[in-house]
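Protein chains in written order, with the numbering used here: chain X, 123 to 646; chain D, 16 to 181; chain Z, -13 to 374.
Be a bit skeptical, because a hint or two may be false.
Residues on chain D that point at chain X, a partial pick, calculated with CB under 8 Å [as the list claims (entries may be wrong)]: (1) Pro21; (2) Pro56; (3) Ile114; (4) Trp130; (5) Thr149.
For lysine-lysine, the following DSS-like pairs were computed, each having C-alpha atoms within a straight-line distance of at most 30 Å [as the list claims (entries may be wrong)]: (6) Z/Lys111 <-> D/Lys159; (7) Z/Lys243 <-> Z/Lys257; (8) Z/Lys279 <-> Z/Lys130; (9) D/Lys159 <-> Z/Lys79; (10) X/Lys478 <-> Z/Lys235; (11) Z/Lys36 <-> Z/Lys171; (12) D/Lys159 <-> Z/Lys75; (13) Z/Lys111 <-> Z/Lys279; (14) X/Lys478 <-> Z/Lys243; (15) Z/Lys257 <-> Z/Lys171; (16) Z/Lys364 <-> D/Lys159; (17) Z/Lys159 <-> Z/Lys279; (18) Z/Lys171 <-> X/Lys478; (19) D/Lys159 <-> Z/Lys52; (20) Z/Lys36 <-> Z/Lys317.
What the simulated footprint calls covered on chain X by chain Z, stretch by stretch (three residues with Cβ under 8 Å from a Cβ of chain Z suffice, anywhere in the stretch; the number is not a length) [said to hold, decoys possible]: (21) 373 to 383; (22) 570 to 584.
Don't read these hints as lab results, they were simulated from the structure. Where is the CB? At the ideal position from N, CA and C, for every residue including glycine.
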Amino acid sequence: MLDAAMLDAAVSAWFVVLQPAVFGALFIGIIIGTFIAIAPQGLGTPLAYSLLIPVAVTLPPPVAIALLLGMDGVTSFGDSFLPVLFGIPGGAGSQAIILDGAPMGRRGEARRALGAGFTASILSALLSVFVWILAVPLIGSILPLIGSPELFLLVLWGMSMVSVMSGSRPIKGLIVAAFGLLIAVVGMEPFTGVERFMFGQLYLLDGIDIPVITLGLFGIPAALNLVVRRIGKEQPAVKLVGSLWEGIKDAFRHLRLVIQSSLIGLLVGFTPGLGAFIGDWLAYGFAAQTCKGARETFGTGDVRGVIAPDAANSALDCGALIPTTLLGVPGSLTKAFFMLALIMMGITPGPDLFTKHLELLFVMIWVMFWASLFGGLSCLIFIKPFAKIAELPYTILTPMIVGFGFVGAFGTNRHEGDLFVFLLSGLLGLVMMRYGYPRAPLVLGLILATLLEKYLYISTQRYGFAWLGRPQIMILLPLVSGLFIYTLWKGKQSMKHAQEMALREEHAADPPGSQQGSSERGLK
Amino acid sequence: MKNKGPTFFALFFAVVFLAAVWMARNWYFTAKLFPLFAGIPGFLLAGVQIWRELTGWELRHNVSGVQMDEAYDDSMDAALRRRRTIRFFSWLVVTAVAIWAFGLPLALSVSLALWVRLEAEQSWLMSLCFGAGTFLAVWGFFTKLFGLGWPPGEILRLLGLPHLLS
Amino acid sequence: MKMLRRIRYIKFGKVFTLAVLLVGIGLASDLCAGDAPEVAERVYTAADIKITDAQRRAAEGFYRGKTIEWVSYTNPGSGTEMMLRIMAKYLPKYIPGNPRMGSVQFMRGGGGLLSANFLYSRAPKDGTAIGQISAGTHRAYIFKRKGVEFDLNKFTWIANYLPQNHRLIYTRKGIGVDTLEQLMKAPRVNMGVTEVGHNFYNEMRLGIYLLGFKFNIISGYSDKEIDLAIERGELDGEVDAADSFLVEKRHWLEQGKVVLHWMSEPGRFRKLPNVPTILELAKKYTNPPFGPKDLALMQTNWDLGRYARYLAMPPEVPVERALAVQEAVGKMIEDKEFFQEFSKLTGFDAEFTPGHILLETFRRLSDQPKENLELWLKLTGPEPLPKR
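The following block holds chain X by itself, in its conformation from the complex (with noise of 0.2 Å):
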């Protein structure tokens, strides 16, 4: 339960959200997570991440954390708009929502389609909220127990991703994960001061700056697939008809399988390396399973294949959170971002946030809260002129997707090397993109490759090889290595589940006597 200083901390968190410059950065981060959700496809919340990071950093700790979780909180609320208005995947968490939002789509639902999933949204957000208020003074108790040794394995465990995020190209992952570990080491290193992989450049002395590879991995290809597939011209989008209404009387008659879903975003963002990917195809798989009749409407438009991994999409988002702000492991790629600028920052998550940054930590509870809430209801509200967004012709997205690429990556360190490792980043993922390489494993080997060496590091340093002989170690060891094979196994049912399901929409959208497989289809 809550203790006193807790239940202090959460009161003036309150207050402190409510002030006008920190609701003011909440709003702005609204609009920004709305407008980035619903543009064109590539426009993720890691790229608004890259950007916003070192405009973040210059103001006051709450109204960073407002503008950047406003941002993050709602991004997740605006996935669905693409995939039902373009029929292309919109964010991360947004594939599944395809397989039904697509087709009620085509036949006009639009409007029903959106209303379902951003009810849905709401309502799992604002329970995800709920659940880490909860887990606040639970983890408050095992904080004493965790030294370097378990962060080492709690670290370790949120490498697993790699496998998860390499979906069906696990060699593919592996290796561009190694390749960001690579990556990371380049400079000084801090226990030795070898100065490592630096070729006598300066510049690299201390390292290469996360947000700037990220800006040219994401922000180039981006902003390239507008240009090239000249977006906005030659795809109209849909027009919106059917009942928004109707859509959000949707959500509260199916509360169970928003309840269910919303578990188990919780479960899945919770768990370090799953992240939104793999959310929303456990979610939809079993709401197939478990709802009555899915397995023939399922694929064909049925509402409740919107609102089963919307609710989980949203509620992965919270549920990531967790871990990221309590234990400081990164529960999802987006997440990792943001612990990123709390280092910078100056706020390390995990132990320190909770015992130094208590009301801190309440402040981004209660953000969430008022994100999750303005986010969905604006959505609501927004929809007609949200979609017109999504409208803009590549004309204007990629001028604005490249300056904010040039002054993101310029603005870290004010250094041409920045400029160089911008483009250099950017032909890399394009290059990765064109050759089926995932991009996101080089990104989280980059981001956990520092707390990886410097736990085992210090854990060595420390101990010896006795730390692997630590009772927590013998109890999370097992643990771990159990929740990897399950998220390998879990993974790879999913997949299989997902495969089939796709599968059986390709064989009802081609021509009777078609044969063409997927593979035929372009899908690498």
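Here the structure of chain X is known, so what remains is to put chains D and Z in place on it, guided by the hints.
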């Protein structure tokens, strides 16, 4: 050779990992631990991938399903895609050089304005508005509002105008 | 009459003898305790800047209507940026002509060398650019690190505004090292630090070298992590800046949770007068006995670790402008309002050390014998220490 591009890309990774392991060999144990931890398995995995590319393993095993990243759009004409890609990247490189030479606010504004006019084929008015808006946002927001100045461009510095528009 | 004179001579003789004895005892105790048992801290003020009225008027004529740009080796959003912003608020009113404070150019990277190189060769030399130089920059210069493109002695040094002296070494109580003798006998004491080569790291290494402590120095922690690690028993102690220790961990002291072992500077710290200095301990306990080489090593360590934040201008800035800005920095730090705001927002007390004192320090360092510098380099590195 089948799959030339993917093969060379896998080879690139193999070379990088091998070079990393080689460079790290004489460092202190703690300094070389991670490069070896990443480099040795990375090299072996890259080797496996090279073999897969050379033998067409992935095509034979029809690897599809959950992608975990954006799927590359193969439906466009390859030559047109290549042409647009090269033009776009060239523009990015020119913009980067211009930033080094003239400072970010000026270079970025002019570059974006020219792109909107020449590549996106919008009107002069639109492109000038875009350029002015960019300058206002970058210089006004960062330099004026937050006092976060930009380094002067090398050309401007050599001309004795280091504070101009930075 | 003769009797009276005799009595006076005897009295004078006794007094004189007593005086000689007292002086002798004082000298003897000085020799036993160290060369400088209590060195009064020299506090510099703006009055230490020798600027004439004519020079002030000349500077005023130049700075009126001008904008001063800052160059910093850190990121926006860092603690150092906060310090710069506070200085930018107060400094203009003390510079003759009241110039405007312009934007800050952040040039992080290269361990501070990138911004130092820029300030040295590419920033305007007319007095309109002030740079913040990192403390590691002079180390890089003295040890001729690759990438240094400046001559440290040719910068126009303005001041140091943040001292980094008075390092305190302490351990937590109850682990069997509550006295110095126990600390010297302990087989292993786990000490935390952020990185190899840090001033705090160097302090511990000095203790190992001179006094044979068996410190297991574990680097890689962040500042806050060290505190947490000490609380949960993963670490036994650390080196910390005495001022910030007394602010942030005073409760540990009051609750008797820690033992303070020594301080870094040659003279005792006025806020902790009962804590001996490393110089005192070295003279008392080292075997072989403390000698000139050891003192030279200590002096190098003091000089290289004394200052935390330098302000400098490019070379060849006209003298009157440099002096005017130096004086302005001194006056700014004496400004009570500035001092309080700086202290409140940063947690540190600003302290003025004029540029010519910095230059003296750097020249003294540059003139060190090569073997002393090499020994100091080994002290601050990761390899095992040589035997004394």
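Hints versus structure:
Against a cut-off of 8 Å between C-beta atoms, the interface hint on D/Pro21 holds, since the closest Cβ of chain X lies about 4 Å away. At about 6 Å, the closest approach between the beta carbon of D/Pro56 and any beta carbon in chain X falls short of 8 Å, and the interface hint on this residue holds. Interface restraint check: D/Ile114 against chain X, minimum CB-CB distance 6 Å, threshold 8 Å, status holds. A distance limit of 8 Å between C-beta atoms decides the matter here; for D/Trp130 the minimum to chain X is near 6 Å, and the interface restraint holds.
For the restraint placing D/Thr149 at the interface with chain X, the shortest Cβ-Cβ distance is roughly 6 Å, inside the 8 Å limit, so the hint holds. As the CA atoms of Z/Lys111 and D/Lys159 are separated by approximately 24 Å, the hinted pair is consistent with the 30 Å bound. A distance of roughly 19 Å separates the Cα atoms of Z/Lys243 and Z/Lys257; the hinted pair therefore holds under the 30 Å criterion. For a cut-off of 30 Å, the pair hint linking Z/Lys279 to Z/Lys130 stands: about 22 Å separates their Cα positions.
A threshold of 30 Å between alpha carbons decides the hint, and for D/Lys159 with Z/Lys79 the separation of about 21 Å falls inside it, so the pair holds. For the hint pairing X/Lys478 with Z/Lys235, the CA-to-CA distance comes to about 13 Å; that is within 30 Å, so the pair holds. For the hint linking Z/Lys36 to Z/Lys171, the alpha-carbon distance of about 52 Å lies beyond 30 Å, and the restraint is violated. Note on D/Lys159 and Z/Lys75: the hinted pairing holds, with a Cα-Cα distance of about 15 Å set against a maximum of 30 Å.
Distance hint between Z/Lys111 and Z/Lys279 is unfulfilled; the C-alpha atoms sit about 40 Å from each other, more than 30 Å. Of the pairs offered as hints, the one joining X/Lys478 and Z/Lys243 holds, with about 19 Å between alpha carbons and a cut-off of 30 Å not exceeded. A hinted pair counts as satisfied when its Cα atoms are at most 30 Å apart, and Z/Lys257 with Z/Lys171 qualifies at roughly 28 Å. A threshold of 30 Å between alpha carbons decides the hint, and for Z/Lys364 with D/Lys159 the separation of about 47 Å lies outside it, so the pair is violated.
Between Z/Lys159 and Z/Lys279 the CA atoms are separated by roughly 34 Å; this puts the pair beyond 30 Å, and the hint is violated. This hinted pair does not check out: Z/Lys171 and X/Lys478 have alpha carbons roughly 35 Å apart, beyond 30 Å. Taking the CA atoms of D/Lys159 and Z/Lys52, the gap is about 16 Å. The hint holds against a cut of 30 Å. Proximity of Z/Lys36 to Z/Lys317 is assessed by CA-CA distance (about 13 Å); at most 30 Å being required, the pair is judged to hold.
A count of 0 residues in the stretch 373 to 383 of chain X with a Cβ less than 8 Å from any Cβ of chain Z is obtained; the coverage claim is therefore unmet, three being the minimum. Only when three residues or more bring their CB closer than 8 Å to a CB of chain Z does the claim for the stretch 570 to 584 of chain X stand; here the count is 5, and the claim holds.
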